[in-house]
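S.K.: Using the sequences plus the hints, can you model the full thing?
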Amino acid sequence: MSLFRHESVWDIASKMDIALPGKGKLVAPSAMVQARQRLGEGAVEQVFKMMASRHYNHAHFDTFCGLNLLAVDGVVFRTHDTPENKDVFGCGSTQYGENTYPQIRMVCHMELTSHQLINCTFNGQHQGEMTLAEELIEGTPDNSLTLFDRGHYSLGLLHRWHQAGTERHWMIPVRKGLTVDTIKKMSKNDQLVRLKTSPQARKKFTDLPEFIEARLLTYTHNNKQYQILTSMLDVMRYPSKEIADLYMHRWEIEIGYREIKQTMLHSNYILRSKRPDMIRQELWGLLIAYNIIRIAMREAAELLEVWPNQLSFSHCSRHINVFLLTIPLTSPGNLPKHYEHLLETLTLFQLPTRRHERSFPRCVKKKPSKYPYKKKPVSVN
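Numbering (the numbering used here), first residue to last: 5 to 385.
Honestly, the hints are just simulated from the structure, not real lab data. Mixed in with the good hints there might be a few duds.
[Unchecked claim] Restraint ranges, calculated between C-beta atoms of paired labels, are given here: (1) P87 to L307: 48 to 54 Å; (2) Q229 to D85: 23 to 29 Å; (3) N103 to Q229: 32 to 38 Å; (4) H62 to M190: 34 to 40 Å; (5) K228 to D66: 26 to 32 Å; (6) A39 to I274: 45 to 51 Å; (7) Q266 to Q229: 31 to 37 Å.
Don't be surprised by glycine CBs; every beta carbon is placed ideally from N, CA and C.
M.R.: Written out as structure tokens, the structure is:
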């Protein structure tokens, strides 16, 4: 459903020849619906988590000082506007009122050089990103550095993230003027600091001490000064200049979400399923489909000795979809040979070097109209 967004489930099943042996060549549309309901959401979730864990643990990624680069961030999906979905997922609201569609909030853990997902969790609109991020702590791999955005600042969350395993580091930007006690100044823009935790945080996170130590770095970008807080305290192992440059990679997870929403879902942000359990099943299937593409791209990038995110996702996904449709026409013994040919084809889609000087200011432009805009008269009193 996610790889072939504009195809019906029945049509996909027919093209990929997934009918049971000894049965008819085509399956009835009602049989596909019943099969999805029998499968449920739990089995698809387990497949995603087993697949993500296995391919992360058996793959080699470029590292920063021995740490794999990861990021955590949230994304929102819309569902069909039904009373059941509103009750289960809820609707977000703004100052102008409630949103039209029920929404699902998802938080993902992504490896940044390959855009490969290693863990995900989601729930209704009522649950915040920080609460969902806490569910990812247990599955965080050792010897990793996770980049957060400013909205995830919580000393309880960050402390537990660091203490849950071996060398599980984090990095997060902080507002200028953060209240800290300086323990040691390594340089003008690099200092070891102590932060006091709040009683509310210590009540929620029972393992949180009264004070935690962190490293505060200051850097300048485009004549603006920024500050970064991190758990990487070893000055010799983690140079301050390299840490400041490293945070720019956090934007890779935003590019990953763009690949899912624009390329895979064709900018149709409303999920196809209508029932809450089927919506959750569809989301787990979407994550599996995304990782299938990303795993093939990683294997192709190894042939070129480049990062997987240097290959075009849109071109690669189209060729992988064609490969999947040809599987029913290929004998099992020839599949490895055809897969090797696919990887060689994917190596042709290397992207040009990114131009960092490009500017895309965030603004909403007026749509041209042949009619004059109606202006509110100014009262003269």
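S.K.: Decide, hint by hint, whether the structure agrees.
M.R.: Against the structure, the hints come out as follows:
Range check, P87 to L307: Cβ separation about 51 Å, and the 48 to 54 Å hint holds. Between Q229 and D85 the Cβ separation comes to about 45 Å, which falls outside the hinted range of 23 to 29 Å. Take N103 and Q229: their Cβ atoms lie about 36 Å apart, and the range 32 to 38 Å holds. Between H62 and M190 the C-beta distance comes to about 38 Å, which sits within the given range of 34 to 40 Å.
Between K228 and D66 the beta carbons are some 29 Å apart, a value that agrees with the proposed interval 26 to 32 Å. For A39 and I274, the Cβ-Cβ distance of about 23 Å falls outside the hinted range of 45 to 51 Å, so the restraint is violated. For Q266 and Q229, the hinted distance range of 31 to 37 Å is satisfied, since their beta carbons lie about 34 Å from each other.
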